[in-house]
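Engineer: Take a look at the letters that make up each chain.
Protein chains: 2
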Amino acid sequence: MAKFSGWIKEITPPPPSLQDNTGDVDRIIDFLKHKLDVDTVDIDMGLLKTLPTILRKSKYSIRIILVKDNSRWLIIGIMPKDEPCVAAGLAVDLGTTMIVIRLIDLLTGKTMGEASFLNPQRLVGPDILTRLHFADSNGGLEQLNRLIIDGLNQNIKKLSLSCGITENDIYIVSAAGNTAMTHLFLDLDPHWIIREPYIPVINSPNFLKASSIGLMTNIFSRVFVFPNIGSYFGGDLIAGILFSGLNKTDETAILVDVGTNAEVVLGNKNWLMACAGAAGPALEGGVTKMGMMAGPGVIDKVHPDPLTHGIKLHTIDDKTPIGICGSGLIDLAAYFFLSSVIDMRGKFIPSQCSGKLTKIDEINHFIVVSADESAGREALTISQVDLDSLIRSKAAMFTILETITTHVGVPLTDLAKFYVAGTFGSFINPESAIAIGMLPDLPMEKYKALGNSSLGGATMALLSPDSIEEINRIKNNITYMELNVNQEFMNRFSAAKFIPHTDPLRFPSVKIPVNSGR
Amino acid sequence: MAKFSGWIKEITPPPPSLQDNTGDVDRIIDFLKHKLDVDTVDIDMGLLKTLPTILRKSKYSIRIILVKDNSRWLIIGIMPKDEPCVAAGLAVDLGTTMIVIRLIDLLTGKTMGEASFLNPQRLVGPDILTRLHFADSNGGLEQLNRLIIDGLNQNIKKLSLSCGITENDIYIVSAAGNTAMTHLFLDLDPHWIIREPYIPVINSPNFLKASSIGLMTNIFSRVFVFPNIGSYFGGDLIAGILFSGLNKTDETAILVDVGTNAEVVLGNKNWLMACAGAAGPALEGGVTKMGMMAGPGVIDKVHPDPLTHGIKLHTIDDKTPIGICGSGLIDLAAYFFLSSVIDMRGKFIPSQCSGKLTKIDEINHFIVVSADESAGREALTISQVDLDSLIRSKAAMFTILETITTHVGVPLTDLAKFYVAGTFGSFINPESAIAIGMLPDLPMEKYKALGNSSLGGATMALLSPDSIEEINRIKNNITYMELNVNQEFMNRFSAAKFIPHTDPLRFPSVKIPVNSGR
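Those sequence lines, one after another, are chains H and L. Residue numbers for the first sequence follow this note's numbering, so the first one is 1112 and each next one is one higher. Residue numbers for the second sequence follow this note's numbering, so the first one is 1112 and each next one is one higher.
Please note that the accuracy of each hint is not assured.
Which copy is meant is left open, because identical chains are indistinguishable; a pair holds if it fits in one copy or across any two.
Below, computed lysine-lysine pairings styled on PhoX-like, alpha-carbon distance capped at 20 Å [what the hints assert, rightly or not]:
| # | residue 1 | residue 2 |
| --- | --- | --- |
| 1 | K1470 | K1458 |
| 2 | K1528 | K1467 |
| 3 | K1268 | K1320 |
| 4 | K1160 | K1170 |
Hints were generated in silico from the structure; no laboratory data involved. As the structure is a prediction and not an experimental result, all values here were calculated from the model.
Can you build the whole structure from these sequences, using the hints too?
Structural biologist: Here it is in C-alpha cells:
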C-alpha cells in the first residue's frame, strides 16, 4: 500500500527517457507538486549528493520526508521505498525547570519513548530572570544556549538508543517553550523581552534547520519552534491551546496555566482571548519556608481525616514528608477555612488550632508535621505570612479570571470547560481551589487537568502538517488583552482577597463555617 | 530619498510600543509584505543575532537586502539606513576553459570591475569529457569542485580588493555555465549527464546559500545558479538568451553559440525553440595542427591583400604568428574559395596555389606563414585534412540551422536578427562564414556578435528580481528539439558539404568563381 499522508510520502515518478529528460530533482518536485496540488516544493540541496544513486537503485520507487514551511513544502529526506522506514519526530517541552522530550514514530504517530531532565541552565540560576540578566553578560547568552543544546543532544542520544534508533533517524523536532526559553534555545538575545515595551526578537520562528542551532538530529532535519505572541505569552501556551482543543470547540472554554504568572486563554473555534498576570509566587516552590516543587516526599494532597477530625497528608511516592507544594498548600488552606482554623481573611483563629499554633519571631505558625515525623527532623509549618501570600495569589488568579470573562461578556459560570495546564493542574484539587475562592465554583466535571500540555501540543505538531497550519492559525487568532491594573481591577482584587469572596453567592457550593468572621 | 527598488529596500517600520509589541523580525516582515504586496517574506535566521541592536541603533530606519526565490522573498542583509551602502553582486561565467567574474554595484547596477582566469580544472583535463570521467573516480568530483571553488574564492578576493571592497560586501552571486560545469560547481555527480538518457541531477538550482557551496562571499549571501534544460543545453545558453533579448522581441530571431557543439535558439517573445548538435571540432583549438584558442599571436583575421593579390594576416595583439584560431580558419577558407585556391568541395586546386602547396605524408598542406615568419620557427600550414574537417563542421552548422527553421516554418531569410554568441561570435567575420556557406546569406546588419553572453546574462540577473522571473520563464518556455539524424538530415548535410552549397541560389551574395568545379 502506498503511503501518502502526513510528512512521509511514497511515490514512484515515471523514470526518465530520451523523450523525458527532466533532471532528477525536478522530476520528483514536479511529481510531488502535482500529487500534493501545491505551487512550491523545495529540497534541501544536501540531499542531491545521494539522490541520483537512490533513484536508480530503487527504480524510482522512493519514500520522501517533507516538512511544510508556510506555503512551501520542503523535502528533507529520501530513501528507497523497499527499505524499512525509520523516521522519528521529537517533541520537546522547553521548561524553565524541567525539559521533557518524547520520541514519536512519524509513520504511525505512536510514542516510542519519553525522558525528562532538569534544565541544565539551573547552574546559572533557578529562575528565568536570573538567566536573562546573565545572558546580558559577556558570553552569557552563548553559555546558556550551549547548556540547553548540549543537554538536549545528550538526552536525545540516550532516548534514541533506548528506543532502538539513533538520533540520525530523527527528522522533525518540535519545540515549545515560553518566550524567554525559546530565545535561549535559539541563541537569540533576550535583552529586550524584559525591558519596556517587551519585544521578542521573533514571534514565529517556524521551521529551522536543526543543525543550524546545533541539534545533532538528522543532518537534514528541521525544528519547528512554536510561535509566541509576546514576551509574556509563549509557545508553550500556544502548544497548550492546541493540546486542549480550545481552538476547535463550539462552546466557550477556558485554559489556565499557573506558575509565577497566571496565563489564561478564553475562547472557542471562532475567537481566542488571552491575558497573563502575576499570580504571585505562593503557588511555586521556594516561597513558603517549607514550600517546594513537587517531588518525592513533598506533601501534594491534604484530606480531612474523619476519624481524628484532623488531617491526612499524602506525600509523593509515600515518602516521609520533607515539604509542601502548591496543591498541598491549597488543600491545607481549604481545610483550615472549612474547619475554622482560619477566618475569611485567612488569619489564624488561635482557639481553633488545637494547640498546633506556635509563634516564631512573633509570627503565627501552624505545625503541619512535627519535627519527629518530618524527613528533615524539623517541623513543617505554615505561617501567617505564607497564608497572606497565598491569599494574594488566589485573589489575583480569581481577579484575572473575572476580568477576562467580564471583558468578553461570558460569565465564569457559562464556561463549558475549565482546563488547568501544567504539573500544577495535574496535582491541584479543584474542590480545594474553589473552597478558597481561587477557581470559580463550577461543577467538578467541567474541570480538566491537561498535564504537560506544552509537550502534548509539541507532540501534536509532529502528527500532521495540518497541525502546523492550526498552530499558526491559533497564533494569528489570539487577541492579547493587556491587564490594566486600574481601579476596577483593584476593587475586584480586594473583594477576592476574602475566602472564598466578599460575595459568597458566587460560591454556593462552599459551606462557609459560621465562625468565619462573616 | 528612500530607495525601494531591486534587491535593496530602505524602510522605516513603526517602532514598537506597549500597544504594538510585535517581535522585531515579524515587524520587519509584516511591513515588507505590505510594501511589496507579497505573501511570503522570510529571513536568514543568522541575521537575528545582530538585528535587535541594528533596529534600536538606527531608530528603525534600515536598509534591507533581499533575494526572491520563486514566490518567496528572503532577507539576507540588514544595515542602518544612515550607513553608506556597500552591496555588490558578482556575475560568474563558468566557462570550461575560462572563468570570468564581474562585480556589480547592486544599488546602481554599474560594473565595478572584471577579471578572468583559466579554469583551474584544466589541471585534470582541458576538455569537459575528461573531467567528467575523472569525476567518476574516487574523490574526483570533490577535487574538481575544490579546484573551481578555490579558484573563484582567490579571484573574488583579488577583484574585490581592486574595487575597494571586500568579498564580505558581495551579497548576491549569479553563475551561468553549461550543465556539466554547473554540476562540478555545485559538487553534484555528473555521472548521468553523459550516459543515456542524459539526466542532470537538477535543472533549476535557483538560489542557494553561497556558504553551502564554499563560496567566501558574505556569510548570508546567496548564489543564483542559472537553470538548464538538459545535459546539452545549459545555464550559459539560458543566460545568452536573456542577454540577447530574443525572449522579448516581436519578430523571430536566432541565437547561435558555436563550440564543439553548435547550440541554436530560435524564437521571439511568444515561443522559443532550441536544439544542439555536434558542429564538429574544427572551429575550436587543438584540431588543426596549428589551430588554437584565441590568444596573443594567434591569427584571428585574414583579409585578401589587393596589392599582392595574396592575403594579409591579422594576429591578436599584432604579435608574430604562432597559430590560427577558428575565425582565422574560416576567413582563410573563404579566401581560398573566392580566389579559387580550393574548389566547391573544399579540395586544393594545386595550379592555383602559387607554389604555397606542399605535401607532408602525402597530404596537401597550404603554407600560410613560412617558417621564417612564424613565432615557432615552423611553417603554419592548413592541410587538406583541416579543410575537410572545416567543411564537415560548416555543413553541420548550416544543416542544424536549416533543420530548426524548417521545423518551425520560418525560412532562414526571414530572421530579423542573427545573434552569434561567445568568443567565436566576437571574432568571426560573417561575410567569410557566408562565403563558405556556414551561416545563411543575410544582410550584414542582421548579424550581431554578443561577446560573452553567458557573463552578460549573469550580470542581468543581478540587476533586478524581475530578471530571475524572466530567466525561469525562458527556461519553462523553451521547447527542446532533439536533432534526429535521419535521411532528411543526411540529405541536407550532404548538400551543405559544398561551398557555399549545392544550391547557390541560397547564397546570392557569394560571387562563385568560374573554376570552382561547378
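Engineer: State whether the alpha carbon distance between K1470 and K1458 is at most 20 Å within one copy, between copies, both, or neither.
Structural biologist: within (14 Å within a copy, 125 Å between copies)
Engineer: Under a CA distance limit of 20 Å, which applies to K1268 and K1320: within one copy, between copies, both, or neither?
Structural biologist: For K1268 and K1320, only the intra-copy Cα distance (18 Å) is at most 20 Å; the inter-copy one is 29 Å.
Engineer: As a check of your reading, is K1160 near K1170 (CA-CA no more than 20 Å) within one copy, between copies, both or neither?
Structural biologist: within (17 Å within a copy, 45 Å between copies)
Engineer: Which holds for K1528 with K1467 at a C-alpha limit of 20 Å: within a copy, between copies, both or neither?
Structural biologist: Neither way: K1528 and K1467 sit 39 Å apart in one copy and 106 Å across, limit 20 Å.
The structure does not agree with numbered hint 2 stated previously, though it agrees with all others.
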